[in-house]
Amino acid sequence: MTLHRRDFLKIAGAGLAASLLAKPAFSATRSKPHVVVVGAGFGGATCAKYLRLWDPNIQVTLIEPNDKFYSCPMSNWVIGGLRNMDDLTKSYEHLPGYGIKMVKDTAIGVDADWRVVTTRRGKKIAYDRLVLAPGIEFMTDLVEGYAEGEAAGKVLHAWKAGPQTLALRKQLEAMPDGGVFVIASPPPPGRCVSGPYERASLVAHYFKQHKPRSKIIMLDGHIDVVSKGPMFKAAWKQFYPGMIEHRPNNQVVKVDHKTMVVTSEFEDVKADVINIVPKQRAGDICAQAGVRADSAGVWCPVNGATFESPTVPFVHVLGDSVATNMPKSAHVSNNQAKICAAALVELFNGREPDPYPVIGSTSYSATSDHTAGPIAVVMRHDPEKGTYVRQPGGGASPEGDEINFEYNKAWFEHIWADTLG
Amino acid sequence: MNMKRREAVVAAILWLATGVAGAAGPAPTCLISGKEKPASVCAAHTKTISATCFICHGPNGKSVAAIPGLAGQDKDYLVTAMREFRDGKRESTVMQKYALGYTDSEYEAIAAFFAAIK
Ligand SMILES: Cc1cc2nc3c(=O)[nH]c(=O)nc-3n(C[C@H](O)[C@H](O)[C@H](O)COP(=O)(O)OP(=O)(O)OC[C@H]3O[C@@H](n4cnc5c(N)ncnc54)[C@H](O)[C@@H]3O)c2cc1C
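Protein chains in written order, with our numbering: chain Z, 1 to 421; chain C, 422 to 539.
Isolated chain Z, as found in the complex (with noise of 0.2 Å):
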């Protein structure tokens, strides 16, 4: 908590706080009650939105510093040369057009008690509920060397879209022939577990045609390939024969970007590209607000039926920052936004949020210039147990084909629409 009471008090006068501490009434007597929502990604962006949809009584208010959202979805596709950077920057213009209240700004603080979010600009907003959605934020202390690397350029994630996406494509552009493209990925759980596979299929894919003697070392935390594992073994097989090496199991603990080696528990390799997703955990604002609570203090629990965190009443969790048995997924988080936005219509209108909620989870994953495939799970919510179970029939494609990239271009078009148009 940045924000204390004492503070707060100097700063904001007695007026406000007087309306703060009448602010439940507000909700009861049911004038206008007021959501602030954190991060305008795939999980914040499409609760306020469907706030608004669903009960325009509602004001909404979105925190986020960026002018315009980078998709991870498609990133890979910029990375392996299929598109490019304007094809997955998409503009935050239609929001307004709700009556969402976007704040260019990042969140900095949560006075749970008083509830007040305070941002970097140093406004303080009083919310009657606060969702938070601010994606995922890296553990690069856990990876010798990183920082430094990561400092020099010469060390990537690309595990958020922007500049790190274009930086990767520009390396592997320059990468000689008979070069060596190293990426690491974490142990779960973490953002997009069928990310790195995909990454490494579509720059395959570039260098089978532009640098055919070059190599792919996949250092990989699973314990196999572990997201549509027959898919993307048999699109290795048939379209990159012997450019991939996955080794599994294979955790990376330091990185010299001086020297360009990458060392993992068990080996040292040498590369002429380095792409290493460090380990993750919930975005600060969420540690600030107390509910990056679980085990580890790495993930938010929720309650699945609202979204809200059982240690810190009126405030939600959205997407990559929640700690669940679900994927995290652009979709999820979309999927987790409606739900959570519909409870708190309810909540407001003293009504029983839904205690049975259904999550689908699908991503798609590229194998090829061409082809592509799904993996699809259907979660119901178990009031009883706590958590979302797995409905029985779910899973992945065993190959991918030209229809799925159809559909899989689809889904972009679709999720974006659905988000932010």
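Source of the hints: derived by calculation from the structure; they are not laboratory data.
Backbone N, C-alpha and C fix where the C-beta goes; we use that ideal spot for every residue, glycine too.
One thing to keep in mind: the hints can contain errors.
Some chain Z residues close to chain C (C-beta under 10 Å, calculated; not the full set) [stated by the list, open to error]:
hint : residue
1    : Arg351
2    : Glu352
3    : Gly373
Given the coordinates of chain Z, assemble chain C with the ligand onto it according to the supplied hints.
For chain C with the ligand alone, coordinates are given in the frame of chain Z:
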């Protein structure tokens, strides 16, 4: 002080909940997951399960791409499609996996939702 404030909030919410129920008389109910619930719970459920389809089929089921739209489709057509996907009578890439995750009554509710969209 903080705890007191929180209790006050909870009390206010409870008061509101009872207030609303009291004003409306015996509220209409519905059955969900084998439990009797206020009808509003089922309405909220239908709203969010239908919205899970938007990500692939387009917001409100209005498609601009290769995955077919659902908006304004005939209700029976939609229910039949879901049953056929589930039973493997109709070929699909993902829809069998989705259809298996929902119930017959959910097919009906979702189909009514999309059929009503102009
Ligand atoms: C390479 C790659 C490919 C992927 N492909 C897919 C895919 O094909 N399908 C799929 O479903 N998922 C995919 N994902 C996963 C997907 O991108 C994430 O799961 C998703 O973005 C999570 O949504 P979110 O809302 O939690 O976070 P984000 O979308 O990251 O949004 C978080 C937002 O919060 C903002 N923010 C953070 N902190 C603050 C703060 N303190 N104050 C204000 N704003 C803040 C950030 O600027 C950001 O805009 C992929 C990920 C990667 C890395």
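> Does glutamate 352/Z pass the interface check with chain C, least Cβ-Cβ distance below 10 Å?
Replying inline: 6 Å, holds
> Regarding the hint that arginine 351/Z lies at the interface with chain C, is the smallest CB-CB distance below 10 Å?
Replying inline: 5 Å, holds
>> Interface hint check: glycine 373/Z, Cβ to nearest Cβ on chain C, cutoff 10 Å. Holds or violated?
In response: 8 Å, holds
Consistency note: the structure conflicts with none of the earlier hints.
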